[in-house]
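Residue numbers (numbering that gives the first Met the number 0), protein chains in the order written: chain A, 0 to 263; chain B, 0 to 272.
It should be emphasised that the hints constitute simulated quantities derived from the structure, not laboratory data. As the structure is a prediction and not an experimental result, all values here were calculated from the model. Every residue gets a Cβ at the ideal spot worked out from N, C-alpha and C, and that includes glycine. Wrong hints could be hidden among the right ones.
As the list claims (entries may be wrong) - Pairwise CB distance ranges, derived in the manner of DEER restraints: (1) R39(A) x Q89(B): 27 to 37 Å; (2) R190(A) x D235(B): 49 to 59 Å; (3) V215(A) x A179(B): 56 to 66 Å; (4) K202(B) x N86(A): 52 to 62 Å.
To be verified - For lysine to any residue, the following SDA-like pairs were computed, each having C-alpha atoms within a straight-line distance of at most 20 Å: (5) K155(A) x E94(B); (6) K138(B) x D118(A); (7) K40(B) x E119(A); (8) K155(A) x K138(B); (9) K138(B) x N86(A); (10) K155(A) x R95(B); (11) K138(B) x D156(A); (12) K138(B) x K76(A); (13) K138(B) x E116(A); (14) K155(A) x R100(B); (15) K155(A) x I97(B); (16) K237(B) x S182(B); (17) K158(A) x R100(B); (18) K40(B) x H120(A); (19) K141(A) x M96(B); (20) K138(B) x E119(A); (21) K155(A) x G140(B); (22) K76(A) x I239(A); (23) K138(B) x E113(A); (24) K155(A) x T139(B); (25) K155(A) x S182(B); (26) K114(B) x E116(A); (27) K114(B) x E112(A); (28) K158(A) x D137(B); (29) K138(B) x H120(A); (30) K155(A) x D137(B); (31) K138(B) x F114(A); (32) K141(A) x I97(B); (33) K158(A) x Q227(B).
Spelled out from the first residue to the last, the chains are:
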Amino acid sequence: MDHFPTNWGRPRNDAFDAYGTYPIQQRPNNIKDNFNGVQRTQQPIVTGTSVLAIKYKDGIMMAADNLASYGSLARFKDVQRLHAVGNHTVLGASGDMSDFQYIQSLLDDLIIEEFTEQDEHTLGPAEIHEYLSQLMYGRRSKLNPLWNSLLVGGYKDGKRFLAYVDLLGTTYSASTIATGYGSYIAQPLLRKAVEGREDTLTEREAQAILEESLLVLFYRDARSLDKYQIAKVTESGVSISESMALRTSWSFAEGIRGYGAQTQ
Amino acid sequence: MFRNTYDSDNTVFSPQGRLHQVEYALEAVKQGSAAVGLRSKTHAILLALKRSTGELASYQQKMYRIDDHVGIAIAGLTSDARVLSNFMRQQAMAERMIYNRPIPANRLVSSIADKAQVNTQEYGRRPYGVGFLVIGLDKTGPHLYEFSPSGNSYEYFATSIGARSQSAKTYLEKHYEGFADCSLEELITHGLHALRETLQQDKELSIKNTSIGILGPAGAHETGVPAQGSFRILEDEKIDVYLQSMVPKELEAPPITAPPPTAGDVDIQMTDN
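Pulled out of the complex, with its shape left as it was, chain B reads as follows (with noise of 0.2 Å):
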């Protein structure tokens, strides 16, 4: 039933020095839906792409608030998704509790990173099998960081995880350069661009499938943001008018020659022998 002789266990290196499981578990981010995050020197933001498993059924949540400085967007299993942001807030109100200070979010990241970590080590356990997008937004600003079950934490400029997320990472690797100095309105469309890369041929974005997660001042289209840029998840009705916002596809300049594959995306191979 394995695929090869090295995957029952985690704990075990196969003979190239690569833990199955964990790679696995690397492969359950990528078949959830895609979700992007970017960053400008004022706001950090998340988008996702949401799922149903039919007409009759509701769009699974993507995004979760953490604390009023960090939010996530998931992609993976669900389940565990929410049994580490469930970690991170009580790690978030402790931080409240005990100093009176919002959680720095590199150390929220490190934390569940090290949970994670643990996974891949200890016998008898299995890795997470979600990867998350993490914006937090503290005194040196705002930040974007990127979390997977293998354990690591990067932080980004702007970033993609989930199904056919390579693409997303295209549009962002084109035009990021600019995104320092955008707008809370042009950084959701560029957000908007690259998570429509991830689409399959005959979907679009709409205003049911699309979450936007925000940090920072309120932008213009947005009315009763505290102060302090609360995090707030945007959905429905208040999201078409940055979908609205999106240069149609045809009229965009057609997409450069299918980019040369990088190693961090291709596919891992599954055979030892």
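The shape of chain A in the complex, shown without the other chains (with noise of 0.2 Å):
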């Protein structure tokens, strides 16, 4: 019950009130029902493509390219989609950019948290991925989602982990992931690459899977880049690569005919 009578109602009643006397945010909102002046997120705006992330012998490697697309309009060219989550995980983002900068705040005042207790307990890739699905799921429940679709890999206690969560809150675990366009196109190559042979794979030969695949994705996915880093999670802890360029040719745009500014 609201005891204060200037809270009763509008417009403002001078008999009791006449002067005014309570502070302005607290007298009452003409408008209390918040569905007339609330629209959640209906879709993504600055939106990352696919990301690619395998097993291998030594840990997970996972690679993204650095565009952030404003619909079709290659829009900003040096964007990191890959982001460290303390010292034994790195999360891979697809989706939309702003909602990543969002998590990737979240998480680092999660791993802030988890330091300042000073236990030698640490949040690892599961503990991560786990939160992060909780935290998917969540928000599409009030129908507010966070627009991505992530990729979670790690490395801890000798065990490897490689998992997806999206939107939904969907998740799933293998030993090869690609999110987007990816999932079309480079998953059935880096699965053909991969599996069976996780415990078998150099670093040398995982990067030249995942190199193979961004390439093919360049030339397929119009929302691509040809600048691109590489995660890698292993024993010794999380390092990203600096940008790196694909080595693509175009030498067989030439006999291609049908569509383009052709003379004949």
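Grab the two chains, each in its own frame, and use the hints to assemble them into the complex.
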């Protein structure tokens, strides 16, 4: 029960509070119904495309290009979409980049909280993935999803970890995972190259597999870029490479006929 | 009615710098029947003496499972213990829900210690009237903690709380250096010997009045224990084999003459003036 007469209705009744003695923020608001003025995320705005990840002999390796698109416009070409979470985990994001930045800040806070405990317990990839899956599912249940497909990879206590979670809270785990367009184009290539060889693939081989898939994606995916980074998580921790450029070849375009600016 | 001027309110210090209500809460712990905890490299165990109000009554439960990897033994007000153990269970479940991991035992103990501390500082509240021994198992091994209503928590190799717990502590202090390499059976026997020290003259440990809580791999007399060594409470017939393993008191070397009083166990003087 609200015992302040001034709060019982609008307009203000001068018989009760003639001089407006209540601070303005305590007075009743005409619009109490939030549903009139609230709109939730209905589409991503600035987006990243596929993330690829595989397990290999020493841990896991993840790759993503440096592009953040604004619709079909290649808007930002120097965006890092791989993020280290503590010393055992790397997070890769496709989808809305501002939602990804929000997730990064949540995870950074989480890691600081965990660090301040100073008790030898740390969050590993499995814990980070569970946290993210609860976060994503919680947000979709509020009809306000974080519009991302995320890959969580890591290496802790001698175990590799690689799993997926998306804006619906759907999760799965596999030895090769790709998000977005990559799940159509790159995933079959990754499976063919990796499955059954997780324990023998060297770092060099793993990197070659990912780069080959990125190259195919760059040829096929109109939202992709030839600049990319690769993250590794091994016994010795997380390392994310500098940006690298794909070696592309366009000589085959000479022979293509039927569309484009051709004279004959 | 008050035993001195400065005990009607837990937020007011006495001129000696003490909070009497908090000290009375510690007395409530000492009124409860004893509980003993000890650990080896592989196991952490709790032993507790249960009381019954009479021939017709059941024995009051002294141990609670919090999660697979955490168990507690209580001394003091059972109703306060239920509030705190419920909170601990919720914390443990939340950790499994959010991170899918067992909650680190030290954080669980700190969380109830923080709750208890608030009650020693805010007006209009009272401290909890219960103390816990908490055992936990994590990847850094087995652990034993004591929680008290003053908001303190400590980690121990071995300790005891409750009525006449100083006698059990004396036993534990004499033997604890050997505990690290004990088997589960040896550890339980040590625990029972320590618990026995807290009994009144004419009483003895029986399958009715003794509880044993265990964390760690299954012992020689146990069946159906999960591989990870989840917390389990042994009572009734199951503890007979352990009671049989005790060395009868009269065969033991005569106890060392009364131990010098230590600062921690001296009865608190209730008068300030």
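Is it true that the CA of K155(A) sits at most 20 Å from the CA of G140(B)?
Holds - the C-alpha atoms of G140(B) and K155(A) are around 18 Å apart, at most 20 Å.
Run the distance test for K138(B) versus E113(A): straight-line Cα separation, threshold 20 Å.
16 Å, holds
How does the Cβ-Cβ distance of R190(A) and D235(B) compare with 49 to 59 Å: does it lie in that range?
Holds: the Cβ-Cβ distance is about 56 Å, inside 49 to 59 Å.
K237(B) and S182(B): Cα distance at most 20 Å?
18 Å, holds
Is the straight-line distance between the alpha-carbon of K138(B) and that of E116(A) 20 Å or less?
16 Å, holds
Taking 20 Å as the top limit, are the C-alpha atoms of K138(B) and D156(A) close enough?
10 Å, holds
Need the status of pair K155(A), I97(B): alpha-carbon distance at most 20 Å?
Answer holds: K155(A) to I97(B) is near 19 Å, not above 20 Å.
Is K141(A) within 20 Å of M96(B), Cα to Cα?
18 Å, holds
Satisfaction of hint between R100(B) and K158(A), Cα-Cα up to 20 Å:
15 Å, holds
If you draw a straight line from the CA of K40(B) to the CA of E119(A), is it 20 Å or shorter?
Status holds; Cα separation ~18 Å.
Is the straight-line distance between the alpha-carbon of K138(B) and that of D118(A) 20 Å or less?
Holds. K138(B) to D118(A) sits at ~12 Å (cutoff 20 Å).
Holds or violated: K155(A) to K138(B), with C-alpha atoms at most 20 Å apart
Status holds; Cα separation ~13 Å.
Comparing the model with each earlier hint shows violations of hints 12 and 25; every other hint is respected.
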